[in-house]
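Novice: Go by the hints and put chain G onto chain B.
Chain order of the listed sequences is B and G. The opening position of the first sequence corresponds to residue 1 in my numbering, with each subsequent residue numbered one higher. The opening position of the second sequence corresponds to residue 1 in my numbering, with each subsequent residue numbered one higher.
No wet-lab data here; the hints were simulated from the structure. Some hints could be false.
Simulated pairs of lysine-lysine, DSS-like, Cα-Cα distance not exceeding 30 Å [claimed, not checked]:
1. B/Lys26 <-> B/Lys188
2. G/Lys35 <-> B/Lys8
3. G/Lys35 <-> B/Lys14
Pair ranges (Cβ atoms, derived) [stated by the list, open to error]:
4. G/Cys149 <-> B/Ala180: 33 to 43 Å
5. G/Met1 <-> B/Gly64: 39 to 49 Å
6. B/Ala251 <-> G/Asp125: 23 to 33 Å
We put the beta carbon where it would ideally sit given N, CA and C, even for glycine.
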Amino acid sequence: MTPFRYEKPADVTKAIALGSNTPATKYLAGGTNLIDLMRETIERPETLVDVSHLTREIRDIDGGGLHIGAGVKNTAVAAHRGVRERYPLLAQAILSGASGQIRNMASVGGNIMQRTRCLYFYDDAARCNKRETGAGCDALQGFTRNHAILGSSASCVATHPSDMCVALAALDASVQLEGAQGTRRSVKLTELHRLPGDTPEIETALQPGELITAVELHPNPFANRCSYRKVRDRSSFAFALVSVAAALDLADDGSIREARLALGGVAHKPWRARSAEVVLAGKLPSEMLFRQAADSELSAARPLPHNAFKIELVKRVIVSSFAALARRKVTSA
Amino acid sequence: MHFAINARSYDVELDTRTSLLDLLRDHLGLTGTKKGCNQGACGACTVLVQGERIISCLALAVQYQSCEITTIEGLGTPDALHVLQQAFIEHDGFQCGYCTSGQICSAVGLAHELQNGVPSAATADLTAGAIEPTAEEVRERMSGNLCRCGAYNGIVDAVLEFLGETPEAGAPR
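One chain only, chain B, in its complex shape (with noise of 0.2 Å):
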């Protein structure tokens, strides 16, 4: 680990000066991804802005919605009897992801802002374009079971880890930011993290300097009819192969009024199904139709040497996934 300036600041615009006038500066909240980086020497900071004690609120907006300060940890927000009730699809992601220990430590903003990687973007002795803007990629002709089959290019084709972001993607969160001068945007998650492109090293559109502070969920009509299910090599603690986060609404008549779908471990950031979604809209459940809707978004899929198996891996999940969310008695309209 390089040597570091530590700062505590007390409030978030003493921490986004910070943040914005200092070089080589990187936020800390729980550390889980950060610190396990810093120690490989892939981030080097020069300065680390400690944010871990500030924005903590989970509050209801006005109309309905949720506002959960970006840094509350991952377990509070799992355990908020809101979240629990009005949006357990995100509950259900969270806590399918990492341990309890991890849960504990990581807030909502790091499990956002963690790098999307891979065991290359790790090893030193490989070549990694994230690390090395240009040095080439290793990955392309190494084990790639775990690796990209949607919005890869030749210059990167590691995952987005997070189960949280993909629940979030379905659930069209908005990702609050505040940068310096104190200006305020508002992103919708899946707009925040970047496909690589040429420049694989630019994950997210943040600017220098910004910090996430919150992410409010809006109303929806999911909470009865709403999974989150996770496939990995075993059966807790470990990445997803693949991952799936689906939300059915129904129509009195059977039909499907609005259908939410987002993917995981098969990009370089979640993968909201919006070709499938489109898919789905309007039509009456079927297991054929739910195929149809997993053929149309993977038909733009490029798998790797030994990760062509998640292509079907994922159809079948979606498939039983809404499968199961159709057949679900539900008690109140």
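Specialist: Then chain G, alone, in the frame of chain B:
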């Protein structure tokens, strides 16, 4: 920097790079907390901060200056074992013992989480008030603690007993 560990105060001069784990082991001689992977994957370094379990290897000590920290040394002593330590002995919850202090701190934190109604991936009904501490719940909630000896069945039984449940002796697993 000032720390409160096992109800005792410590003042130490520390490089900001020092992890909470290295503070405990190398600076304060509290070697009951173990270093396994040092990258957040094994749980051997689990300690309690304000009663909540965290992994101390990915924690910078500087961030934990004003917190109450509890390590295995603060839970029990050779003469006065913590009830969970006694349960680990009775249920063969270890062989080599290297992961044990992390397992025990983790299970104490787990009990705290259950008490507070924190659900897990094994909790079928997320809206339920109370959560039944089944073997499945314990396995899922202890998944952040690896045991290379494979003493998992004994660990689950010991934790179940600690939680006031009767371990399913001889039940197929």
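Novice: Does each hint fit the structure? Answer for all of them.
Specialist: Hint-by-hint comparison with the structure:
1. B/Lys26 <-> B/Lys188: holds, 22 Å
2. G/Lys35 <-> B/Lys8: Since the Cα atoms of G/Lys35 and B/Lys8 sit roughly 27 Å apart, the hinted pair holds (cutoff 30 Å).
3. G/Lys35 <-> B/Lys14: violated, 36 Å
4. G/Cys149 <-> B/Ala180: 33 to 43 Å: violated, 53 Å
5. G/Met1 <-> B/Gly64: 39 to 49 Å: holds, 45 Å
6. B/Ala251 <-> G/Asp125: 23 to 33 Å: holds, 27 Å
The structure does not agree with the numbered hints 3, 4 stated previously, though it agrees with the rest.
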